[in-house]
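All chains, full assembly: derive it from the sequences and hints.
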Amino acid sequence: MVALAASIYLLSGKEALLRAARACLHAALPPRAAGSVLEICRLANKIFSGYIGGQLVDALLVGGETFALMSIFGLEYAPLLAVLVGVTNIVPVLGPFLGAVPGLIILLLELPWKAAEFAIIIFVVQQVDGNFIAPRILGGATGLPGLGVLLAIVVGGAWFGIPGMVLGVPTLAVLAALLKQAVGAGLTARGLDENGEPRRNLPGGPQEN
1 MVALAASIYL
11 LSGKEALLRA
21 ARACLHAALP
31 PRAAGSVLEI
41 CRLANKIFSG
51 YIGGQLVDAL
61 LVGGETFALM
71 SIFGLEYAPL
81 LAVLVGVTNI
91 VPVLGPFLGA
101 VPGLIILLLE
111 LPWKAAEFAI
121 IIFVVQQVDG
131 NFIAPRILGG
141 ATGLPGLGVL
151 LAIVVGGAWF
161 GIPGMVLGVP
171 TLAVLAALLK
181 QAVGAGLTAR
191 GLDENGEPRR
201 NLPGGPQEN
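Residue 16 in our numbering sits at position 16 of the sequence shown, with consecutive numbering throughout.
Possibly wrong hints are sitting among the right ones.
Said to hold, decoys possible - Below 25 Å or equal to it, Euclidean Cα-Cα: the simulated SDA-like pairs (lysine to any residue) are:
1) K180 with E15
2) K46 with V155
3) K46 with L84
4) K180 with P31
Honestly, the hints are just simulated from the structure, not real lab data. The model shown is predicted, which means the values in this text are computed figures rather than measured ones.
Written out as structure tokens, the structure reads:
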């Protein structure tokens with residue numbers, strides 16, 4: 001409850017906090033350095049916001065797919081279990097399976113074969129979502145390719161556990177965007193295009209002798 005109350009207060013006063021943070025940053029750093037830090041913060045905010053939005057869309061799709069398959073197979077408690085699976089899907093990789101545990105227990109009390117059908121449904125949904133749908137949605141939201149999303153989840157989970165799985169994708173996306181900007185600036189300073197070839201003069205500009 002304390003964390004929830006603190007979150008509400010922070011969100012309600014975020015504009016004042018941001019103004020104070022910008023003022024402190026400009027007071028502590030030279031103008032150019034302060035501008036660079038603020039630009040990185042804006043980039044990180046954009047990517048993290050896109051990632052959270054992508055996760056919510058993916059969770060909605062997973063919940064919808066689970067509900068549809070459970071309804072086709074005639075399993076009980078389809079709305080409740082689909083919502084549970086969809087909500088826990090926000091946690092990459094492990095979330096959907098954690099959400100499936102209560103469903104398995106409930107259905108085991110009914111008939112074991114219903115629990116087996118539910119387990120198969122969860123497995124199929126997660127295979128399709130984890131390997132095809134989620135990488136495309138999160139890749140579009142963060143600018144990372146599907147392989148990059150999978151690598152970020154695997155490496156982040158191996159190094160930092162569940163927090164690493166959740167934050168690995170947007171963190172890698174921010175680093176990739178900063179690297180892309182740095183490479184682009186370096187190529188421009190050397191008069192090269194993205195392929196490392198000398199840039200051609202623009203039409204109407206000064207021509208090479």
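Structure-based check of each hint:
1. K180 with E15: violated, 30 Å
2. K46 with V155: Holds. K46 to V155 sits at ~23 Å (cutoff 25 Å).
3. K46 with L84: Since the Cα atoms of K46 and L84 sit roughly 28 Å apart, the hinted pair is violated (cutoff 25 Å).
4. K180 with P31: Holds, at about 23 Å.
Checked against the numbered hints above, the structure breaks hints 1, 3 and satisfies the rest.
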